[in-house]
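Here the structure of chain A is known, so what remains is to put chain B in place on it, guided by the hints.
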Amino acid sequence: MAELGELRDNYQAILDRGVEVVAVSVDPPETSARLRERVGLDIRFLSDPEGSLMDAVSLRHRGGAPPPAVTGKPAGNPDIFLPATFLLDGDGVIRWVYRPDTYRVRATIPEVLAAIDAAQAGAS
Amino acid sequence: MLTWLGPLLVVGGFLAYFAAAMNLALFQRVPWPFLLVMGAGLVLSIRQLVRGPSLGRGAGVLASIAFFAVGAWYLFGYSMYGAREDRPNVGDPFPPFALATSDGGTFRLEDGRGRYLMLLFYRGDW
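Read top to bottom, the protein sequences are chains A and B.
Position 86, counted from 1, in the first sequence is what the numbering used here calls 86; the numbers after and before it change by one each time, with no gaps.
Counting the second sequence from 1 gives a position; the numbering used here is that position plus 1000.
If you're looking for bench data, these hints aren't it; they were derived computationally from the structure.
Mixed in with the good hints, there may be bad ones.
To be verified - Here are the simulated distance ranges between beta carbons:
#, chain 1, residue 1, chain 2, residue 2, range
1, A, A56, B, A1059, 50 to 60 Å
2, B, R1087, A, Q12, 30 to 40 Å
3, B, G1058, A, L113, 46 to 56 Å
4, B, P1033, A, D55, 35 to 45 Å
5, B, A1016, A, G18, 35 to 45 Å
6, A, S52, B, A1059, 51 to 61 Å
7, B, M1022, A, A56, 26 to 36 Å
8, B, G1104, A, D91, 22 to 32 Å
Unchecked claim - Which stretches of chain B does chain A cover? Using the computed rule of at least three CB atoms under 8 Å from a CB of chain A, they are:
#, segment
9, 1013 to 1024
10, 1095 to 1102
11, 1116 to 1122
Said to hold, decoys possible - In silico contact screen, one side only, chain A against chain B (beta carbon under 8 Å); selected entries:
#, residue
12, E6
13, V57
14, S58
15, P66
16, G92
17, R95
18, D101
19, R104
Note that beta-carbon positions come from the ideal geometry of N, C-alpha and C, so glycine has one too.
The shape of chain B in the complex, shown without the other chains:
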């Protein structure tokens, strides 16, 4: 029973992070609480194996390590951008544009002149 609690915690911690990020607008760069749960699962697996080595517990440890590795890879590898330009930056003029609006019109950069304008770039509605 305890053999599979470790891998379950690792997977559960990672899935809970996704649920929180998508539904609760949790935008942590390093999601510590969830990483802690995942880490606890890994530690539990290893502890079980050390206390009473068996093939099943060995498999539990391997599963925990594999799930933890996938989670860490996603968080700190896959979802990171890597090298990227930082232009335009503060002090630069925003590049001109003319884009269609959802109500059938067009919005140009000039239309925002004379007041502060915030542009929120988002990934789209999936």
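Chain A extracted, bound-state conformation:
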């Protein structure tokens, strides 16, 4: 979640590179709308409450959702997305993946920008 604040603070640098960013989670659209407002991040937030994409991209964290007793919210999908970042080119082909081996780690902004620059340099 902290990665969304990082993204907000550096969003212009990504926009300047002509990249559209979308954020994906199992949260229902209303939850994402509140989060989007709170973070103040002007990107699309996509909802995959059933986790239909999880297995297709190998990001299912089985039982990763905190229990309702912890969140104080009704239980949703017990499985959540492992944090990861994909960069696709204009044809929908994957040009970069950041898939860490622990959920404590995310792609940093310098890593993201370097990946975009490398992908675009390779394409042109």
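Leaving out everything else, chain B in the frame of chain A:
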């Protein structure tokens, strides 16, 4: 007094890591500074015991070891994924999808065509 400083450092180092990870977007795979504080607490406990053995100091060492073990287990066991597939990977087409957006619309993979698209998968708003 010094007897419990060791265990306190171990616990404090671990809690400080959590605080930094959540609030400061600290994404270190191996959080060395915090591990050092935790390790220092463990060493301090043992040093106290060696200097003047007592039941209390022995308990301090046991507490430090227990807290350190829990922290290390979380960092390098519990939070790691283990074996996992790496597909799709670079060069593969991204699988098609159509997902609801927070503003009531739908976003499909095709909607991102013609420009670079970054998909950020996150764990959700708790």
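Hint check:
In this structure the hint that A56(A) and A1059(B) lie 50 to 60 Å apart at CB holds, the actual value being about 52 Å. Distance hint check: the CB atoms of R1087(B) and Q12(A) are about 33 Å apart, consistent with the given range 30 to 40 Å. For the pair G1058(B) and L113(A), the beta carbons lie near 52 Å from each other, so the given range of 46 to 56 Å is met. Judged by the Cβ atoms, the range 35 to 45 Å given for P1033(B) and D55(A) holds: they are separated by roughly 37 Å.
Take A1016(B) and G18(A): their Cβ atoms lie about 39 Å apart, and the range 35 to 45 Å holds. The hinted window of 51 to 61 Å between S52(A) and A1059(B) holds, with their beta carbons roughly 52 Å apart. Judged by the Cβ atoms, the range 26 to 36 Å given for M1022(B) and A56(A) holds: they are separated by roughly 29 Å. Separation of G1104(B) from D91(A) is about 28 Å and conforms to the stated range, judged on CB atoms against 22 to 32 Å.
Counting residues of the segment 1013 to 1024 of chain B whose beta carbon lies closer than 8 Å to any beta carbon of chain A gives 4, which reaches the threshold of three, so the coverage claim holds. With 6 residues having a beta carbon nearer than 8 Å to a beta carbon of chain A, the segment 1095 to 1102 of chain B meets the requirement of three or more and the stated coverage holds. Given a C-beta distance limit of less than 8 Å, the hint that chain A covers the segment 1116 to 1122 of chain B holds, as 7 residues qualify and 3 suffice. The criterion of a C-beta within 8 Å of any C-beta in chain B is met by E6(A), whose closest approach is roughly 5 Å, and the hint holds.
The beta carbon of V57(A) is positioned within 8 Å of a beta carbon in chain B (closest approach about 7 Å), and the interface hint is therefore held. Because the beta carbon of S58(A) sits about 4 Å from the nearest beta carbon in chain B, less than 8 Å, this interface hint is met. Checking P66(A) against chain B by beta carbon gives a least distance of about 6 Å; that is within 8 Å, so the hint holds. Given hint, G92(A) at the interface with chain B, holds; its Cβ is 5 Å from that chain's nearest Cβ, closer than 8 Å.
This hint holds: R95(A) has a C-beta 7 Å from the nearest C-beta of chain B, less than the 8 Å allowed. This hint holds: D101(A) has a C-beta 5 Å from the nearest C-beta of chain B, less than the 8 Å allowed. Given the 8 Å rule on beta carbons, the hint for R104(A) holds: about 5 Å separates it from the nearest Cβ of chain B.
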